[in-house]
Amino acid sequence: MKKFRADLHIHTVLSPCADLEMSPKNIVARAKETGLDIIGITDHNSTLHAKLVKKLAEKEGIFVLTGAEVTTREEVHCLVFFEDESRLEAFQNFIDRHLPHIPNPDGHFGYQPVVNENENILELVPWFLPAALNAGINQIQHEVEKLEGLFIPAHIDRPANGIISQLGFIPDDLKYDALGISKHISENYVRKHYVVGNKTTLLRNSDAHYLQQIGEIYTQFIIEKPAFSEIKMALHQQNSRFVEIYEDNHRSYS
Amino acid sequence: MKVSDLMDKYGLTLYSGESGLGKEISGGYVSDLLSDVMGNASENEVWITLQTHQNVMAIASLKDLAAVILVKGFEPDPEMLEHSNEEGIPVLGTSWGTFEMAGKIYAELNR
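Protein sequences, first through last, are from chains A and B. Plus 1 on top of the position in the first sequence (first one is 1) and you've got the working numbering. Plus 10 on top of the position in the second sequence (first one is 1) and you've got the working numbering.
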């Protein structure tokens, strides 16, 4: 087994709240510079930049989990990832069927451009992407499971848009592969202050919206090699694979 | 005022939890953040929300709420309906928005 540095929550310029510098090309360059081995591309309710990042990252030896950060009807943010293009596209269709058509006139909430590898704009997504989908958290989890994807409620400690703020507690019957925690909090704090199963894997990600946030924080995967199946095994602590949140002793966490 | 009186007066739809219609109402609470309701709602209040997840019933039960009113025509998820019946806490529905529904109940309880 080897250790790989991962940051599974990164937005691109397609997310209206992300910096315009967050092009696929720049993200890959920054990930390379900061020594990340695995990155997750998670735009709000969109998978449209994931494939391009994957293509660019492969040339640099960086493994990409392609997915999105969905907003459930309850306004819970969840990371979802899919192993191949056909499943990713199937999930994009699901999003397209459930995203409400709330206009984003003149980039009122921020521009939502889809770009190519030369950073030329191909289209501007007209609908406000972070809006809550017309689908509840259980329905979305079922859809992800059907497509054999990964389902990870994001930043569960956040006072808004985390599963605990929105739903009061984590529903017993909800299935998930891991839980995300936000970048300024320690694993110990979360395990002490929230009701989280002992065996549940926690991931700490940067939720980067700016280039300099990429690599600030990472989680280590102890796996054979970066691959979807290896990552899944690590999240479920199977076959000696596991995940370790990297605690930088020079930083202070709450 | 009882939950059943409120239902009749405003023509609310009864989805489930019929056995709790006799509960007396002490006030109301409005929020769509379940963590907020967990912390701040009080016993025998009616909770006005647009959330339809089953956790709504777990929290209504924890806080001993009198009833839940879903606004804007939202209908309970099947699991929410089931828990409402088990707990005997009525889930009612209205086509009004939260502002109108809360205003009417507030005026009624403070007459």
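It is worth saying that the hints were derived from the structure and are not from the lab. Misleading hints may appear alongside valid ones.
As the list claims (entries may be wrong) - Using 20 angstroms as the maximum straight-line C-alpha spacing, the simulated EDC-like pairs for lysine to aspartate or glutamate come out as follows: (1) B/K33 / B/D46; (2) A/K55 / A/D85; (3) B/K73 / A/D173; (4) A/K147 / A/E245; (5) A/K176 / B/D15; (6) A/K60 / A/D85; (7) A/K60 / A/E149; (8) A/K60 / A/D97; (9) A/K176 / B/D18; (10) A/K56 / A/E34; (11) B/K82 / A/E120.
To be verified - Ranges between beta-carbon positions, derived for each pair: (12) B/E110 / A/L125: 32 to 38 angstroms; (13) A/A91 / B/G37: 43 to 49 angstroms; (14) A/Y211 / B/S36: 46 to 52 angstroms.
Just so you know, even glycine gets a beta-carbon here, dropped at the ideal spot from N, CA and C.
Structure versus earlier hints, numbers of those that do not hold, lowest first: Hints 1, 4, 5, 7, 8, 9 and 11 not satisfied by this model.
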